[in-house]
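Going line by line, the protein sequences match chains A and B.
Heads up: the first sequence begins at 1 in our numbering, then just goes up one per residue.
Heads up: the second sequence begins at 1 in our numbering, then just goes up one per residue.
It is worth saying that the hints were derived from the structure and are not from the lab.
All C-beta atoms in this analysis are idealised placements derived from N, C-alpha and C, irrespective of residue type, glycine included.
Heads up, a few of these hints could be off.
Said to hold, decoys possible - Chain A residues, not near chain B, derived (Cβ > 12 Å throughout):
hint, residue
1, ARG15
2, CYS48
3, SER60
4, ARG160
5, TRP170
6, ASP220
7, ARG230
8, PHE256
Claimed, not checked - When the alpha-carbon atoms are kept at most 25 Å apart in a straight line, the in silico DSS-like pairs for lysine-lysine are as follows:
hint, chain 1, residue 1, chain 2, residue 2
9, B, LYS128, B, LYS227
10, B, LYS225, A, LYS143
11, B, LYS176, B, LYS38
12, A, LYS222, B, LYS202
13, B, LYS208, A, LYS209
14, B, LYS202, A, LYS183
15, A, LYS222, B, LYS225
16, A, LYS173, B, LYS132
17, A, LYS143, B, LYS38
18, A, LYS209, B, LYS33
So the chains spell out like this:
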Amino acid sequence: MTNILDDYALVSPLRYRNNWLKIAIVMFGVLVGVSSQSFIPPFAIALCMSFATVHFGKTSFKFYLTLLSAPAVFVLLSVVIIAFFFGSGNELLGFDIFSYHLGVNTGGLEMALLVFSRTLGGMSCLFFLSLTTPMVELFSVLKATRLPDSFIEISMMMYRYIFVFLEVAWGIKYAQTVRLGYKDWRTSLTSLAMLSTTLFIRSWEQGEKIFISMSARCYDGKLIFFEEKRPIRANELVLTCTYFAVVLALWYLTRFYSIF
Amino acid sequence: MHIFEGFLPSPWWQLWFVFSIPIIFFGMYRLNKLVSEKRELLPLLAVAGAFIFVLSSLKMPSVTGSSSHPTGTGMAAILFGPAVTAVLSTIVLLYQAIFIAHGGLTTLGANVASMGIIGPVFAYVIYKAGMKANINFYVVVFLATAFADWATYVVTATQLALAFPAEVGGVAASLKAFLLIFATTQVPLAIMEGALTALIFKYVIQVKSDALVELKVITESALNKIKGAGQ
Numbered sequence: 001m002t003n004i005l006d007d008y009a010l011v012s013p014l015r016y017r018n019n020w021l022k023i024a025i026v027m028f029g030v031l032v033g034v035s036s037q038s039f040i041p042p043f044a045i046a047l048c049m050s051f052a053t054v055h056f057g058k059t060s061f062k063f064y065l066t067l068l069s070a071p072a073v074f075v076l077l078s079v080v081i082i083a084f085f086f087g088s089g090n091e092l093l094g095f096d097i098f099s100y101h102l103g104v105n106t107g108g109l110e111m112a113l114l115v116f117s118r119t120l121g122g123m124s125c126l127f128f129l130s131l132t133t134p135m136v137e138l139f140s141v142l143k144a145t146r147l148p149d150s151f152i153e154i155s156m157m158m159y160r161y162i163f164v165f166l167e168v169a170w171g172i173k174y175a176q177t178v179r180l181g182y183k184d185w186r187t188s189l190t191s192l193a194m195l196s197t198t199l200f201i202r203s204w205e206q207g208e209k210i211f212i213s214m215s216a217r218c219y220d221g222k223l224i225f226f227e228e229k230r231p232i233r234a235n236e237l238v239l240t241c242t243y244f245a246v247v248l249a250l251w252y253l254t255r256f257y258s259i260f
Numbered sequence: 001m002h003i004f005e006g007f008l009p010s011p012w013w014q015l016w017f018v019f020s021i022p023i024i025f026f027g028m029y030r031l032n033k034l035v036s037e038k039r040e041l042l043p044l045l046a047v048a049g050a051f052i053f054v055l056s057s058l059k060m061p062s063v064t065g066s067s068s069h070p071t072g073t074g075m076a077a078i079l080f081g082p083a084v085t086a087v088l089s090t091i092v093l094l095y096q097a098i099f100i101a102h103g104g105l106t107t108l109g110a111n112v113a114s115m116g117i118i119g120p121v122f123a124y125v126i127y128k129a130g131m132k133a134n135i136n137f138y139v140v141v142f143l144a145t146a147f148a149d150w151a152t153y154v155v156t157a158t159q160l161a162l163a164f165p166a167e168v169g170g171v172a173a174s175l176k177a178f179l180l181i182f183a184t185t186q187v188p189l190a191i192m193e194g195a196l197t198a199l200i201f202k203y204v205i206q207v208k209s210d211a212l213v214e215l216k217v218i219t220e221s222a223l224n225k226i227k228g229a230g231q
């Protein structure tokens with residue numbers, strides 16, 4: 001099953017840094033990465049964010065690499081399609097399949113490289129956020145967005161119940177597996193359907209129970225959390241500003257740069 | 001099918017946000033109204049969202065060997081209607097981007113459009129039409145979920161093709177390429193998810209059919225008919 005990165009974020013030393021600073025860093029990386037015209041700034045962002053996650057955030061490097069390879073299938077497939085179908089210029093590589101000519105040209109290759117680097121940069125920014133900031137810390141940010149209360153309440157309760165249900169799902173799945181519930185394709189389907197049904201019924205009953213128990217504790221549609229104040233430190237600010245400046249400079253310098 | 005962070009270039013990711021945001025806000029408005037009328041719905045919707053998240057993180061047995069996950073949004077649309085599903089899937093997609101790094105922040109608009117809005121709308125319309133036409137309940141559920149997945153897959157391919165049109169043949173040519181390549185995983189996946197959802201509904205009807213009546217998924221008389229046929 002999936003790795004919930006929140007578990008890693010809870011023990012990260014960067015957890016106790018200012019949330020707004022971290023979000024600013026991530027949003028900056030994502031936006032500059034997606035708007036850059038050359039593959040260099042996104043790669044630089046990826047490098048910096050990976051360094052920050054592994055070095056400052058104390059994530060194991062091996063684990064980080066396995067995480068980065070997760071979206072690889074989708075990204076590589078799509079990048080290959082882009083390389084073959086997009087762009088113009090000199091043809092670099094070409095072959096015929098069933099009298100249909102396929103070729104990669106310089107424009108396509110450059111576009112594919114750009115998209116690949118953007119995805120890498122964006123993913124490393126997201127991983128930085130998910131590996132250093134547990135969702136609990138982000139609720140205060142969510143509250144500051146002034147979205148409707150019901151929306152925020154639902155997201156917070158949903159967060160809590162994701163872990164409850166994941167545990168239930170894991171337990172059932174193990175129990176089914178040791179009873180050969182996943183021995184072949186047909187039994188897997190039945191087992192999975194049973195698991196999901198139990199989960200649905202469990203969640204339904206839990207929903208009814210939690211309403212009663214919360215009403216008994218005077219729930220009026222608003223959960224209130226304690227928010228810790230974490231001022232931004234001077235060295236963090238300096239480091240962040242240097243990072244912003246370097247990336248922006250790279251972005252400016254490589255505006256018209258192309259490898260071909 | 002998630003589009004990953006940074007994949008959509010500049011005019012496109014903003015455009016998909018422009019498409020999704022009004023619908024999400026409409027969904028929030030509906031949700032607010034529902035919750036203020038019936039306050040006990042709030043925790044229920046929260047656990048429903050958590051259920052969708054967990055369902056979408058379960059691995060499905062797959063024919064092609066690649067790992068595939070159910071989206072769960074077709075089922076949510078049948079249970080809660082498309083407006084509420086749009087809001088729930090927005091939260092789920094946001095959590096997926098932050099927890100398990102599936103999807104992304106700039107591509108959130110595009111992902112919500114394909115998985116949270118268009119797919120569920122297809123599921124809902126097919127489900128309602130099928131129930132009205134008096135087709136077998138499980139067949140309708142199967143069709144609704146499978147077509148929701150296919151709609152999602154076609155929309156995702158279109159989003160990618162619009163952003164990256166081919167030099168020869170334009171959008172149509174690259175759409176064909178994206179559709180063909182993703183078909184290998186998406187076509188069997190949709191059939192699997194349809195079968196899985198139909199099976200889930202079968203068990204739910206056996207064990208806790210009053211929940212479905214309460215959610216107005218199915219009327220009492222239709223339920224009795226299904227139960228009668230099963231015995």
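So, going through the hints one by one against the coordinates:
no.	hint	verdict
1	ARG15	14 Å, holds
2	CYS48	15 Å, holds
3	SER60	16 Å, holds
4	ARG160	8 Å, violated
5	TRP170	10 Å, violated
6	ASP220	9 Å, violated
7	ARG230	19 Å, holds
8	PHE256	16 Å, holds
9	B:LYS128 to B:LYS227	20 Å, holds
10	B:LYS225 to A:LYS143	47 Å, violated
11	B:LYS176 to B:LYS38	47 Å, violated
12	A:LYS222 to B:LYS202	36 Å, violated
13	B:LYS208 to A:LYS209	16 Å, holds
14	B:LYS202 to A:LYS183	22 Å, holds
15	A:LYS222 to B:LYS225	42 Å, violated
16	A:LYS173 to B:LYS132	37 Å, violated
17	A:LYS143 to B:LYS38	23 Å, holds
18	A:LYS209 to B:LYS33	22 Å, holds
Comparing the model with each numbered hint stated earlier shows that hints 4, 5, 6, 10, 11, 12, 15 and 16 do not hold.
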